[in-house]
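Asks: Model the full structure from these sequences, guided by the hints.
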Amino acid sequence: MRVIVGEGSCGLAAGAGKVYEALQTKLEGIESASLGITGCVGMCWLEPIVDLYNGKMLAKRLVHVAPEDADDIAAAVQSGDLSLVDRITIRKEDEDFLRKQTRIALRHCGVIDPADINDYMADDGYQALEKVLGTMTPEEVIEEIKVSGLAGRGGAGFPTWFKWKAARNAAGGPKYLICNADEGDPGAFMDRAVIESDPHSLIEGMMIAAYAIGAAEAIVYVRAEYPLAIVRLENAIKQAREAGKLGKNILGSDFSCDMRIKAGAGAFVCGEETALIESLEGNRGMPRLKPPFPANSGYWHKPSNINNVETFANVAWIILNGGDKFAAMGTEDSKGTKVFALTGKIKRGGLVEIPMGKTLREVIFDIGGGIRDDKEFKAVQMGGPSGGCIPASLLDTPIDYKKLSATGAIMGSGGMVVMDENTCMVGMAKFFLDFTAKESCGKCVHCRIGTKRMQEILTRITEGEGREGDIELLEELCAAVKDGALCGLGQTAPNPVLTTLRYFRDEYEAHINEKKCPAGSCAALLTYSIDPSKCVGCTMCARKCPAGAIAGTVRNPHSIDPEKCIRCGQCLAACRFGAVSVG
Amino acid sequence: MNTCSCSKSDLTLVDKVLEEYAGTPGSLIAILQKAQAIYGYLPADVIYRIAEKTGNSPAKVMGVATFYTQFRLEPVGKYMLMLCQGTACHVNGSERIAAAIQEELGIGDGGTTEDGLFSVKHVACLGCCSLSPVMMINEDTYGSLTPDKALSIIREIRAKEVQG
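Chains A and B, in that order, are what the protein sequence lines are. The numbering of the first sequence is this note's numbering, which starts it at 1 and goes up by one. The numbering of the second sequence is this note's numbering, which starts it at 1 and goes up by one.
With a straight-line Cα cutoff of 27 Å, these simulated DSS-like cross-link-like pairs (lysine-lysine) come out:
#  : chain 1 : residue 1 : chain 2 : residue 2
1  : B       : Lys60     : A       : Lys452
2  : B       : Lys60     : A       : Lys438
3  : A       : Lys516    : A       : Lys534
4  : B       : Lys121    : B       : Lys78
5  : A       : Lys544    : B       : Lys121
6  : A       : Lys347    : B       : Lys149
7  : B       : Lys149    : A       : Lys375
8  : B       : Lys60     : A       : Lys290
9  : A       : Lys438    : B       : Lys121
10 : A       : Lys325    : A       : Lys402
11 : B       : Lys149    : B       : Lys121
12 : B       : Lys149    : A       : Lys544
13 : A       : Lys100    : A       : Lys347
14 : B       : Lys149    : A       : Lys18
15 : A       : Lys238    : B       : Lys16
16 : B       : Lys160    : A       : Lys544
17 : A       : Lys516    : A       : Lys544
18 : A       : Lys482    : A       : Lys443
19 : B       : Lys8      : B       : Lys34
20 : B       : Lys78     : B       : Lys149
21 : A       : Lys564    : A       : Lys515
22 : A       : Lys452    : A       : Lys515
23 : A       : Lys238    : B       : Lys34
24 : B       : Lys78     : B       : Lys16
25 : B       : Lys160    : A       : Lys18
26 : A       : Lys443    : B       : Lys60
27 : B       : Lys34     : A       : Lys438
28 : A       : Lys18     : B       : Lys78
29 : B       : Lys60     : A       : Lys302
30 : A       : Lys452    : B       : Lys121
31 : A       : Lys402    : A       : Lys146
32 : B       : Lys16     : B       : Lys53
33 : A       : Lys347    : A       : Lys60
34 : B       : Lys121    : A       : Lys443
35 : B       : Lys60     : B       : Lys8
What the hints contain is simulated information worked out from the structure, not anything from laboratory work.
Replies: Now the structure itself:
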């Protein structure tokens with residue numbers, strides 16, 4: 001029996017490394033057992049996960065595994081009696097999370113060993129590249145991608161074939177193929193998961209694209225914050241080169257293309273393609289004016305094509321299964337599947353891949369299991385700092401580039417952060433403007449100063465200093481920044497403000513006019529108090545209070561001095577009797 | 001100021017890196033990354049040396065070094081605590097964790113404790129959103145944090161260091 005530990009970043013953060021070590025010790029000497037790793041299956045809330053396989057058949061999936069469980073797992077594997085680990089087996093309803101998905105980009109994630117090219121090859125790996133190099137012209141490859149309807153999964157949703165064709169037809173050379181793995185949207189981690197769990201899919205997709213456009217060099221620009229992804233990709237590139245899947249005369253053909261990794265250094269704006277190119281050239285990552293587009297003048301001002309990780313991860317599947325099969329899924333405007341990183345106040349958070357056209361409700365409630373602690377759904381944030389907050393009334397919106405844009409949010413790279421009744425929407429807008437103001441590269445005035453002014457206004461509103469006219473001023477700034485900014489970062493930076501204003505204007509008004517935060521989240525607008533009928537006088541809150549604002553003696557009700565209170569909420573967290581309330 | 005007198009680093013170390021990249025255009029960021037891996041940060045004299053050898057002005061090198069959040073111009077503590085500021089962490093209470101850490105260590109974002117043990121940095125999304133709120137201390141990631149949990153992790157490290 002094969003014992004496979006899920007070692008993606010999430011799994012490792014949850015303790016998968018220690019589980020692996022414990023299993024290594026306990027499984028030693030059991031001849032029928034072999035221990036291995038896989039990447040991330042995307043069921044992040046159940047980590048660490050250990051899978052028991054009979055050959056290729058998954059016999060049992062174990063969840064929340066602790067190192068102490070290694071004894072039972074070893075006993076189960078040795079005896080063949082898997083009921084010994086029923087205690088930590090995945091529950092039926094949690095299995096639905098995967099069962100309701102359609103996995104193409106994530107098809108190997110959590111299934112194969114990301115460190116072993118043979119595991120990938122055993123699962124149809126590199127057959128698409130073989131088909132392309134052996135039987136297809138570059139034009140036929142581009143045509144197949146056109147038929148599939150694949151669009152850029154990084155967020156913009158631009159047709160992939162069109163970019164490839166533009167780069168192919170561009171005059172001059174050498175041509176470059178670049179993968180944008182600078183996954184900077186807070187709340188999105190599908191690209192990290194693909195690279196960590198299935199790096200060869202990315203390599204294969206990139207080699208096919210390189211052949212289609214005629215590139216001799218491929219570069220993957222990976223975020224510095226993803227060290228494990230870089231290690232796994234380096235290893236995969238080395239293996240692929242040794243196996244003749246990249247480098248000189250790939251698979252014995254005339255086509256040659258090599259690949260290298262460039263580690264980013266931490267700048268959100270480098271997700272913008274021309275800023276990324278500047279960064280690749282060793283400069284500050286500041287966007288260039290477009291046109292010229294990278295297809296004609298990109299890296300070193302040569303024809304370059306840039307796609308996102310998830311886009312490339314679909315390519316081999318499309319070549320093997322046919323573009324029409326991919327296009328059969330989805331809606332009129334949006335074909336195929338899309339991966340979402342479902343997080344926030346959600347019961348089952350993780351990676352979800354579904355055909356386009358499913359509704360937000362299906363993803364959040366059917367797959368994600370709804371809101372944690374059965375609280376009220378308030379909004380889902382999509383598209384990160386470029387996107388917006390979609391309210392409950394629009395939960396039946398189908399997932400489709402155009403339909404999502406109509407809500408004021410965007411498809412984006414696939415971050416889906418779910419918020420409940422306790423999330424303040426003005427606070428959310430401020431959070432994103434804090435982010436964009438910090439990450440603005442400073443090149444154009446509208447973005448540099450506009451985001452800063454919006455951030456200042458949102459800050460004063462959340463601190464109870466909002467003034468009449470602030471909402472109108474925000475709207476004016478939003479319009480100016482949208483129109484005047486040079487690149488996508490600035491042009492979309494107002495979206496979090498615009499959508500919260502559109503759907504949650506009453507919250508802004510409550511902050512400004514009544515100096516109240518309806519979600520009970522903005523610290524400066526809260527009042528903490530202790531209900532004397534519930535307080536048993538345990539003194540816990542008084543001991544926790546860092547400001548010495550709580551008075552009272554043992555076994556007598558305590559009270560909070562609002563003058564001294566710094567509204568940190570520690571008393572609320574400390575009280576075990578529900579006596580502290582906030583309003 | 002053409003030469004820097006404020007720091008005296010062993011420049012032979014960065015010279016080796018500069019030799020490795022000599023003649024490779026566009027490698028300034030990679031050179032800075034390697035230099036930081038050697039010295040722990042980017043001392044001023046190292047920046048001047050990189051400028052001199054790569055044919056860039058010190059202003060250009062400094063411009064790149066200050067543009068990217070990864071680069072540090074000051075030495076950091078033995079333990080680098082990176083607190084995630086992603087959306088999911090924000091929604092799940094990272095501000096409370098930040099406040100608790102500040103209370104415990106007496107330093108905020110960008111600070112280093114006087115004993116040189118801890119540095120704190122607020123960082124962009126670490127991509128472990130399902131375990132939010134999350135922090136990393138050097139190479140280790142800690143998830144599902146509460147203020148108390150974060151403090152006990154810090155105290156454990158400190159106790160280990162005190163014992164030697």
